[in-house]
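All letters in the sequence shown, in the order written, are residues 4 to 427 by my numbering.
No lab work stands behind these hints, which were simulated from the structure alone.
Incorrect hints may appear among the rest.
35 Å max Cα-Cα, derived DSBU-like pairs, lysine-lysine [stated by the list, open to error]:
| hint | residue 1 | residue 2 |
| --- | --- | --- |
| 1 | K98 | K376 |
| 2 | K98 | K352 |
| 3 | K364 | K151 |
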Amino acid sequence: MKKIFVLSFISVGYFLNAQSLSNSPYATYGIGDVKYDNTIETSSMGGISTAFISDFSSNFNFGNPANNSNFELTSIKLEATNENNYFKTDFNNRKSTKHSTYLSNISLAFPISSKIKMGFLYQPYSSKSYEVISDETIGGEINRNIFKGSGTLNTAQLAVSYKIDSKFAVGARANYYFGSLYDLNEFSTSNAELINGYETKNSIRNFNFTLGTSYQSINTSTDRKLTIGATATFGNTSNMTTNYINSTYYYSDVDIKGGETIIDQKNTSSNNLLPLQASVGVGYGSENHWFLSGQIDYKKGESISYFGNSFDYQDSYRISAGGWYLPNYNNFRSYFSRVVYRYGAFYEKGSLEIAGSSINKFGISGGVMLPFKNSGITRMSGLEIGLELGKRGTLKKDLINQNFVNLKVGFNFADRWFRKQLYN
Numbered sequence: 004m005k006k007i008f009v010l011s012f013i014s015v016g017y018f019l020n021a022q023s024l025s026n027s028p029y030a031t032y033g034i035g036d037v038k039y040d041n042t043i044e045t046s047s048m049g050g051i052s053t054a055f056i057s058d059f060s061s062n063f064n065f066g067n068p069a070n071n072s073n074f075e076l077t078s079i080k081l082e083a084t085n086e087n088n089y090f091k092t093d094f095n096n097r098k099s100t101k102h103s104t105y106l107s108n109i110s111l112a113f114p115i116s117s118k119i120k121m122g123f124l125y126q127p128y129s130s131k132s133y134e135v136i137s138d139e140t141i142g143g144e145i146n147r148n149i150f151k152g153s154g155t156l157n158t159a160q161l162a163v164s165y166k167i168d169s170k171f172a173v174g175a176r177a178n179y180y181f182g183s184l185y186d187l188n189e190f191s192t193s194n195a196e197l198i199n200g201y202e203t204k205n206s207i208r209n210f211n212f213t214l215g216t217s218y219q220s221i222n223t224s225t226d227r228k229l230t231i232g233a234t235a236t237f238g239n240t241s242n243m244t245t246n247y248i249n250s251t252y253y254y255s256d257v258d259i260k261g262g263e264t265i266i267d268q269k270n271t272s273s274n275n276l277l278p279l280q281a282s283v284g285v286g287y288g289s290e291n292h293w294f295l296s297g298q299i300d301y302k303k304g305e306s307i308s309y310f311g312n313s314f315d316y317q318d319s320y321r322i323s324a325g326g327w328y329l330p331n332y333n334n335f336r337s338y339f340s341r342v343v344y345r346y347g348a349f350y351e352k353g354s355l356e357i358a359g360s361s362i363n364k365f366g367i368s369g370g371v372m373l374p375f376k377n378s379g380i381t382r383m384s385g386l387e388i389g390l391e392l393g394k395r396g397t398l399k400k401d402l403i404n405q406n407f408v409n410l411k412v413g414f415n416f417a418d419r420w421f422r423k424q425l426y427n
């Protein structure tokens, strides 16, 4: 049984690397739509993780690797996301929808000792999958611009946490990003046989690390607890190579170019792919009953190359609030009294600015953790379900408004696996 779980973990990871994810036209810029961190537990609570130490022994926190003081079991998580995006623009009153379903998280975590915990995670970090066609008629001549993008940037992480004493803990996470992203802009006219195409191919290998710390004080007489956490991500060692090709050609078949003439071609490399990030959070709750937290995330702006030109991202921030509620884990007569209910909301001031308008994002979220029949408070594992609804963008200046509904489903298998028994 143990071998089956391990083989499933590896094989699913292979398919995660190969899948195609759907997203919005705003993915045209930079590294595309950022999917991380889209774990069900985190996203169902509005994105809070920095000051969240799970009351249960089966949940490992990768967002802040210091927050794993209570983690005692070996945990395997498999999660999938169903994205539903609805787009609208006042430019020609256009509307469109996009849907996709993909594997969004695979993780394995286990305790090494009572003080040291370790976890491995693999999930998509960002993606591009878009096609935008714009036609304009001038003097009876139809000019067409086609914008296409594809590719996925994945992340693999190794996290370690260390419990200093009953209140303080520290943690570190190594982050490796890898993948390829592709953009294409084609211009054609109705009276010309050749197409002018501008291709951008990015091959990405990037490494950085995250440091985290946490403090938790518990009042044993009331079971009330205060949690404070902070993280910082820095130390980029990046290798992003970009190949630009400006050429003319025609299509002899659907996707086969003919008569290609290269006008310009160049290769560049950059090392500012993923900027400095920091997060601070505060939480308060009642042991094994409820928890509420607020969090602020900051991301430094950066300059990137887009179709051969420099494009500046702005400094951005995100404000999140959320938590969970467990009615009564000792009530075995009522199953729904032992269900963990999660809730949250967020507002994100985006780093992308187009035509003087910031592309911001906000939403609400909720979810449940449905425990397996034999799952108690000490082995809280089961079916995870999360729902996220929100809005991104604006209709101003003929830009695009994006409404989204994301459904997330996953399993957390937690037990005392891979441990030698002292007694039979």
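Going down the list of hints, with the structure as the test:
1. K98 / K376: violated (45 Å)
2. K98 / K352: Given pair K98, K352 holds - Cα atoms ~24 Å apart, limit 35 Å.
3. K364 / K151: Holds - the C-alpha atoms of K151 and K364 are around 23 Å apart, at most 35 Å.
When each numbered hint is compared with the structure, a violation occurs for hint 1 only.
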